[in-house]
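A.B. asks: Here's the letter readout for the chains.
4 protein chains.
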Amino acid sequence: MSTAERVRVAVVGATGYTGAELLRLLVGHPHVTVTALCARDKLTPRASAVLPSLTGLLELPIEPFDVVAGKADVAFCALPHGASIACVQALRARGLTVLDLSADFRLRDPAVYARWYGAEHGAPAMLEEAVYGLPELHRERLRGAKLVAVPGCYPTASALPAIPLLAAGLARADDVVVHALSGVSGAGRSPAASTHFPECGEGARSYKVAGTHRHTPEIEQTLSGVAGAPVTLTFTPTLVPMTRGILATVYLRPTRAVTAAELVAEARRYYEGSPSVAVLDPGAHPDTLWVRGSNRAHVAYFVDARVDRVVAQCAIDNLVKGASGQAVQAMNVCLGFDEGAGLMTPAMFP
Amino acid sequence: MSTAERVRVAVVGATGYTGAELLRLLVGHPHVTVTALCARDKLTPRASAVLPSLTGLLELPIEPFDVVAGKADVAFCALPHGASIACVQALRARGLTVLDLSADFRLRDPAVYARWYGAEHGAPAMLEEAVYGLPELHRERLRGAKLVAVPGCYPTASALPAIPLLAAGLARADDVVVHALSGVSGAGRSPAASTHFPECGEGARSYKVAGTHRHTPEIEQTLSGVAGAPVTLTFTPTLVPMTRGILATVYLRPTRAVTAAELVAEARRYYEGSPSVAVLDPGAHPDTLWVRGSNRAHVAYFVDARVDRVVAQCAIDNLVKGASGQAVQAMNVCLGFDEGAGLMTPAMFP
Amino acid sequence: MSTAERVRVAVVGATGYTGAELLRLLVGHPHVTVTALCARDKLTPRASAVLPSLTGLLELPIEPFDVVAGKADVAFCALPHGASIACVQALRARGLTVLDLSADFRLRDPAVYARWYGAEHGAPAMLEEAVYGLPELHRERLRGAKLVAVPGCYPTASALPAIPLLAAGLARADDVVVHALSGVSGAGRSPAASTHFPECGEGARSYKVAGTHRHTPEIEQTLSGVAGAPVTLTFTPTLVPMTRGILATVYLRPTRAVTAAELVAEARRYYEGSPSVAVLDPGAHPDTLWVRGSNRAHVAYFVDARVDRVVAQCAIDNLVKGASGQAVQAMNVCLGFDEGAGLMTPAMFP
Amino acid sequence: MSTAERVRVAVVGATGYTGAELLRLLVGHPHVTVTALCARDKLTPRASAVLPSLTGLLELPIEPFDVVAGKADVAFCALPHGASIACVQALRARGLTVLDLSADFRLRDPAVYARWYGAEHGAPAMLEEAVYGLPELHRERLRGAKLVAVPGCYPTASALPAIPLLAAGLARADDVVVHALSGVSGAGRSPAASTHFPECGEGARSYKVAGTHRHTPEIEQTLSGVAGAPVTLTFTPTLVPMTRGILATVYLRPTRAVTAAELVAEARRYYEGSPSVAVLDPGAHPDTLWVRGSNRAHVAYFVDARVDRVVAQCAIDNLVKGASGQAVQAMNVCLGFDEGAGLMTPAMFP
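Protein chains in written order, with the working numbering: chain A, 23 to 372; chain B, 23 to 372; chain C, 23 to 372; chain D, 23 to 372.
For reference, chain A alone in the conformation it holds in the complex (with noise of 0.2 Å):
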């Protein structure tokens, strides 16, 4: 494919960490060239001002938003929430495919967004457009899609391990526990007291605990939809001092006697033609360090038979698979490229 016929990408939002992370996988896409960038307060004439990775590889100004969405074919959008719909409107507007990795898409009903996030939905009417931008889930609804919901990266690590029990009737939708861990850089690129270096090398702790997150409902949505049934569950979430990756713990009821090989062959046979999950042999435990960097998901499940409960676990790079790499590949399945185009390079490690 030639230069001439690359689809033209814009990133809004340029500057963040998930951003930031767009940039590095689409600058090694076949087939993308990332043509503008925009970043709030932040216009300067050369991106590496910014972000000097860059410096010498992509030296894209920062412009505003009027002229980037006129110089690309594909919009990703990676704004805080409510800040991304009035963007996300007007891109759609101009025709532009946009992936937005916000969570302003991501839940069907404006009421539960409205309860969780502390204010009306702006564009309810653009929810029945988009599509939930989980391939292994949604891969037949994101072809040709025009706006994608890129899930968050709690929710992607909850869901994934959790679908194919679910799916298949082996574990209950009532009793579910999620205690997932994650690195810093979930919490973004401004600095605070509680991401302050001194005060997270030596720390772990939880926040948010007992069911006021803002991921809940979207996980819940996720799992309701493929148990068929109200799913609702304990979300723990815990800070751990790790710059990347989530490790989700899912804790469930069987519905009858299973063993570990047994969930493994289900869930394999479920994640078969899926490039970026990997369903470990059973005794293997996953690990952030091996999926860092990496569009991976690496998922494991364990038996207590003695209590009769399943722990299914896995392990993806928040920002990876959890974020801007989940992006590029729901924009891999909308636009009919290789689902795994641009996002097969092993983890960096260590």
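Keep in mind the hints are simulated off the structure, nothing from the lab.
Computed from a prediction, not measured in an experiment: that's the story for all the values here.
A couple of the hints might just be wrong.
Identical chains blur together in the list; that is why a pair holds if it fits in one copy or across any two.
As the list claims (entries may be wrong) - Straight-line distance between alpha carbons at most 20 Å, and here's what the computed EDC-like set of lysine to aspartate or glutamate pairs gives:
#1 230 / 330
#2 230 / 303
#3 168 / 360
#4 168 / 150
#5 230 / 95
#6 64 / 142
#7 168 / 151
#8 168 / 196
We have chain A already, so just place chains B, C and D on it with the hints.
C.D. replies: Then chains B, C and D, alone, in the frame of chain A:
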């Protein structure tokens, strides 16, 4: 108390992490003097050759076991399980009071020991004498005790938040999950692939998932005793990239509708007079950062009313309240000192 | 010494890192009692609300400056430079002995202060009274002193290894390079982009390179005094991803052929009677790991005979021997206590 | 280029850190295909059993050396020094182009090798054929080369900033100090006490201080060649708690009054056409964070006019531009590919 009146203390296994931490705490203890050090295969005229932190502060030799045993009234054994039994026997035979930090005397039932540790217990008769050294639970039994089995790090952090609820009948005994994060020092001082810096620094991973970790029966023994009914649980130990600290999250089912404020009040009643436990105000989150280097346990309670579940958490320093500090605390009770003697220094922050 | 006889101590700026560290050290000090806390904009009935490490251990209120000043005999000022001058003046006017941890009273010459700190000194007359609080150098002048300028972290680590060589005429004054690594806590408790966890964790970077860091004239002042000749040097402060610690490497030119053993012997002579300095055996390498949390300075010497250069190194904990511990050490000397009182605990390892 | 036309590449020593990094880079390289893997004592049908990052992405077996040698046109040797010589000989005898990442073919003079590596060189005749693989210096000699000695990590970071100044006669050859910080992955994948997570995480320490590190003669050889005069220097390797990255600081004496802007201009002239080197604007500081995972070298210059000294710095990723990326870059030049092929991805930030 003059130096002459101080109790003479020996540390066996002085160069491992719990040994080193014992020395740090005992050097500043007002009622004891460290008089002798022992460590397998590490004979040296100056312990600081192995532990440079002692340079100029505690320049004792590391001597053979027989020499050491003759120089002290009290001994701390910081040896691996299995290796500890013979050492404890010899020390007790010479009349020393022994604080054993290994797992060898924690389980009451030698059959349970054999099942989980894969070998017959070498001195089952001594299990009668041993007191499980969680002062918050067994304070009275510890007074005058001659052999103390110092609890494990995970069991301490897992039991402390659950005990008041089970004791008060506020939580069910048959539906308990413990998800516990540990710093890497919990794996000991022997280098291994899984604790090699480049393979830890960005890695979060569980191990011995689904009921295979040896701390499982220890936690169950403690909680069953409190609940007056058999407690079985799913325990998920997880390694996160920090040096010290345990954050245990205990998922419980309430026996009736409860609020976090009620649980906090109940736990504060239970731990009144316990100088090492702080029950945090409702809404506050325990953080390993705030207890590092101290003998403190920070306990907190959350209620997920939406799904009828209690989330109880506890943060400790695995090497202090989870090992060496708890051993000193137990010694204080055994010998009739103030329980907090030498242990009331705030955490090292940051 | 009974509690009634203890010296009453106040900490102004109690909630920053050096303030918190002062509290950790002073709570365990045998001759003082912390009686009052002050912190700008942080009035609260319980300091533990801001510093949870104090929960249950030191539950003092944070009070206005005027209240605090009336409750103590000795005050530690842990404020930013510039803000400290007025505070110190007020405390001295009320007769308190003051240990000032800022840079405001360190430089003897107000013109040098004005050049490097960009503002006229607000109380140049007080510079006469101030004693530079490096006890290893100014022990006699500190006895009975009423105002102590506690040295900076970099200057302490840079000066300690160089002093004995310059004092003995073993190194030239006109060819000195100091390359110093610092943990991130040296940047203080205010969050910033450069200290945001994800942008620190794998980043080593120098700053204020080539003679622009304000500690440069402080190091030069100290070393010039010792050498009896003007010392000018190149100073390269460098941030590395750890919370605490300074490792200073000083490159010097010997005035004659020397060996490491000679330099070690000379430094041991110089620091005889100094309880906080350990000169390591030839061949041993200072490591911030081994001094963390302690008031120790580990000093070592190497000779690169091939190129006629001496490499002198020193490791300290920037918040202890580089700030709060040194302040307590200076107080001990001022008040006639044992110099090491409350400061002889080994480092926290690991 | 179709798959059939791709160059077949083998990696010997595939499971160490530089081996794993070679695989990460080569999997995405547009002109080569990895066809065979070798690793001592690690025969396995699936390399992902040893390197889980490869799961589902590169599922080659690890095979005996003789099998591997027959399956490739080009081989990368990522073995320890000493072990590499025989392997390289065998591969060359079979006609393969060899990129050797060990130190075995870097020093031109076998006597120097014997002095620093403590053993006679096993194949001194092959030193003639070997080209030192720093493309920025030996680009022309590399074209068509059959044996490349890939430079060490420290030598790359130390030489790149010094080369332009010495080549232009702007710095003296006889007064050079290199203070270099390295991430822990530089110590390799074998666990050891000094790289055990709990003993690294807060530790900064130098090692082999004062002219005893084996990279010293390698740096001197490179710089002497450029300067046209013998360069001797003091080299201080220092381990800091990060996984990847080298920050080298080179202290030089200018031969005349210079400004940072002049040095930047000179270096930009020198490195024009070098796709892996970026010379930063005056005032900007190289940071290992901004090059991690990339084949970039960020170079910067400072002038300390007060003391007549130049401070030159360079940040690289030790496993990429300091090893595996540089090897791929050298291969690109050897085989006539675009020098940056497969190497122009921005750093992984954060």
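A.B. asks: Please name the hints from earlier in the document that this structure breaks, with their numbers sorted from lowest to highest.
C.D. replies: Numbers 5, 6, 8, in rising order.
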